[in-house]
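Peer 1: Going line by line, the protein sequences match chains A and B.
Read in my numbering, the first sequence has 53 at position 53, and its numbers run on one by one without any break.
Read in my numbering, the second sequence has 66 at position 66, and its numbers run on one by one without any break.
Warning: the hint list may mix true and false statements.
For chains that are exact copies, the list does not tell them apart, and a pair is met inside one copy or across any two.
Once the Cα atoms are required to be at most 25 angstroms apart in a straight line, the calculated SDA-like pairs of lysine to any residue come out as [to be verified]: (1) LYS181 <-> ASP84; (2) LYS75 <-> GLN89; (3) LYS181 <-> ARG40; (4) LYS75 <-> VAL61.
Honestly, the hints are just simulated from the structure, not real lab data.
Protein chains: 2
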Amino acid sequence: MLNIYGFHLSQPSNAVRMLANALGLEFEYHELNAPEGEHRAPEHIKRHPVGKMPAIEDGDVTLFESTAIMKYLCKKAGSDMYPDDLIKQAKIDQWCSFVSVHVYMAYGRVVFNRLLAPQLGFPVDETSLAAGEEFLERFLPAIDQQLGSSKYLAGDSLSIADILLLATIDPSEAVGIDLKKYPNLIAWREALVPQAFYQDVHAFFGQAA
Amino acid sequence: MLNIYGFHLSQPSNAVRMLANALGLEFEYHELNAPEGEHRAPEHIKRHPVGKMPAIEDGDVTLFESTAIMKYLCKKAGSDMYPDDLIKQAKIDQWCSFVSVHVYMAYGRVVFNRLLAPQLGFPVDETSLAAGEEFLERFLPAIDQQLGSSKYLAGDSLSIADILLLATIDPSEAVGIDLKKYPNLIAWREALVPQAFYQDVHAFFGQAA
Numbered sequence: 001m002l003n004i005y006g007f008h009l010s011q012p013s014n015a016v017r018m019l020a021n022a023l024g025l026e027f028e029y030h031e032l033n034a035p036e037g038e039h040r041a042p043e044h045i046k047r048h049p050v051g052k053m054p055a056i057e058d059g060d061v062t063l064f065e066s067t068a069i070m071k072y073l074c075k076k077a078g079s080d081m082y083p084d085d086l087i088k089q090a091k092i093d094q095w096c097s098f099v100s101v102h103v104y105m106a107y108g109r110v111v112f113n114r115l116l117a118p119q120l121g122f123p124v125d126e127t128s129l130a131a132g133e134e135f136l137e138r139f140l141p142a143i144d145q146q147l148g149s150s151k152y153l154a155g156d157s158l159s160i161a162d163i164l165l166l167a168t169i170d171p172s173e174a175v176g177i178d179l180k181k182y183p184n185l186i187a188w189r190e191a192l193v194p195q196a197f198y199q200d201v202h203a204f205f206g207q208a209a
Numbered sequence: 001m002l003n004i005y006g007f008h009l010s011q012p013s014n015a016v017r018m019l020a021n022a023l024g025l026e027f028e029y030h031e032l033n034a035p036e037g038e039h040r041a042p043e044h045i046k047r048h049p050v051g052k053m054p055a056i057e058d059g060d061v062t063l064f065e066s067t068a069i070m071k072y073l074c075k076k077a078g079s080d081m082y083p084d085d086l087i088k089q090a091k092i093d094q095w096c097s098f099v100s101v102h103v104y105m106a107y108g109r110v111v112f113n114r115l116l117a118p119q120l121g122f123p124v125d126e127t128s129l130a131a132g133e134e135f136l137e138r139f140l141p142a143i144d145q146q147l148g149s150s151k152y153l154a155g156d157s158l159s160i161a162d163i164l165l166l167a168t169i170d171p172s173e174a175v176g177i178d179l180k181k182y183p184n185l186i187a188w189r190e191a192l193v194p195q196a197f198y199q200d201v202h203a204f205f206g207q208a209a
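With the hints as constraints, model all of the structure from the sequences given.
Peer 2: So, in structure tokens, the structure goes:
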């Protein structure tokens with residue numbers, strides 16, 4: 001049985017859950033109480049050496065990092081959301097990395113300072129918040145342009161890059177990131193959010209797990 | 001012919017060059033004059049929509065993001081630095097993502113504030129610098145522990161995860177990050193730095209391209 005360990009405000013955790021739904025996998029989801037530090041407890045440090053989320057246990061295999069997990073699950077299932085073609089795979093890898101390294105990092109600054117810091121009593125870092133917003137002004141137009149040139153992020157069919165992006169931009173409304181300037185991104189998102197793989201995680205970002 | 005576009009102070013650019021050397025590929029390296037903004041010029045925006053480095057052109061294929069490029073080059077060459085085994089690949093993906101998303105992000109804060117900001121006349125962000133150093137205090141022990149339990153980062157043979165890590169920690173001395181606390185990391189690094197694939201990029205980080 002596949003076990004997924006995550007937190008409902010963790011975008012990468014939600015990406016893995018959405019993918020497991022999209023693949024039709026049977027799995028058990030374990031919500032870690034991150035505000036209480038359950039992700040830093042010895043039990044979870046066995047799964048992830050610095051206590052990040054998500055992590056999975058799949059029989060004998062323990063794995064962390066959302067993109068690695070998503071590729072593993074797709075390859076194991078033989079899914080065309082990560083097809084076995086050199087160029088297609090390279091383009092999916094490219095966009096997954098662009099989203100997880102750059103777009104997620106920028107969202108992280110905004111989500112931390114607008115949502116988590118106030119909730120958890122940490123000081124807001126206005127410089128970091130402003131930098132996050134500036135990065136998004138640079139990165140989201142590239143995403144919007146790409147979604148104007150192909151139906152999905154890495155080509156003409158749905159891939160793990162789309163699911164990762166969908167979960168990454170999920171907190172936009174909750175933290176005041178305005179996506180109206182990005183019509184292709186909005187249209188792409190509106191086609192995906194109603195689907196069962198998303199709705200089975202939550203109806204909207206932040207909904208209690 | 002493979003063309004690699006990069007900048008000699010860009011760790012991901014150097015990772016791709018080191019890998020191309022390690023694979024014994026014929027390639028042309030193009031140093032972009034980043035301080036003069038050559039990476040944001042229209043010519044490079046055709047290769048990377050937000051002007052990041054590295055990017056490659058390999059015949060008809062244009063690709064960006066170092067991890068995507070490294071996987072593509074290995075698979076094309078049939079190299080066992082990214083072998084075709086489900087679990088081995090997942091572990092390499094996991095460590096590549098951990099390094100590029102978390103370790104590189106933390107180095108980025110330190111490298112920017114200690115090296116680039118003073119050179120380019122940007123203000124130093126002491127909060128971001130301190131956060132980068134704190135992240136490294138959390139992430140590098142996990143790397144050191146892993147390199148104590150296996151010869152290489154993702155198992156018993158050299159993989160792209162090692163080359164990515166080697167290039168990522170390359171600026172440590174130049175920006176005052178002390179690795180002495182991490183004996184496994186030091187021993188692993190000392191075995192790799194003398195090798196031709198590294199020395200053919202530079203004898204030390206920061207050496208002019």
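Peer 1: Now tell me, hint by hint, if it's right for this structure.
Peer 2: Hint check:
1. LYS181 <-> ASP84: neither (35 angstroms within a copy, 42 angstroms between copies)
2. LYS75 <-> GLN89: both (11 angstroms within a copy, 10 angstroms between copies)
3. LYS181 <-> ARG40: between (38 angstroms within a copy, 22 angstroms between copies)
4. LYS75 <-> VAL61: Intra 14 angstroms, inter 23 angstroms, cutoff 25 angstroms: intra and inter.
Checked against the numbered hints given earlier, the structure breaks only hint 1 and satisfies all the rest.
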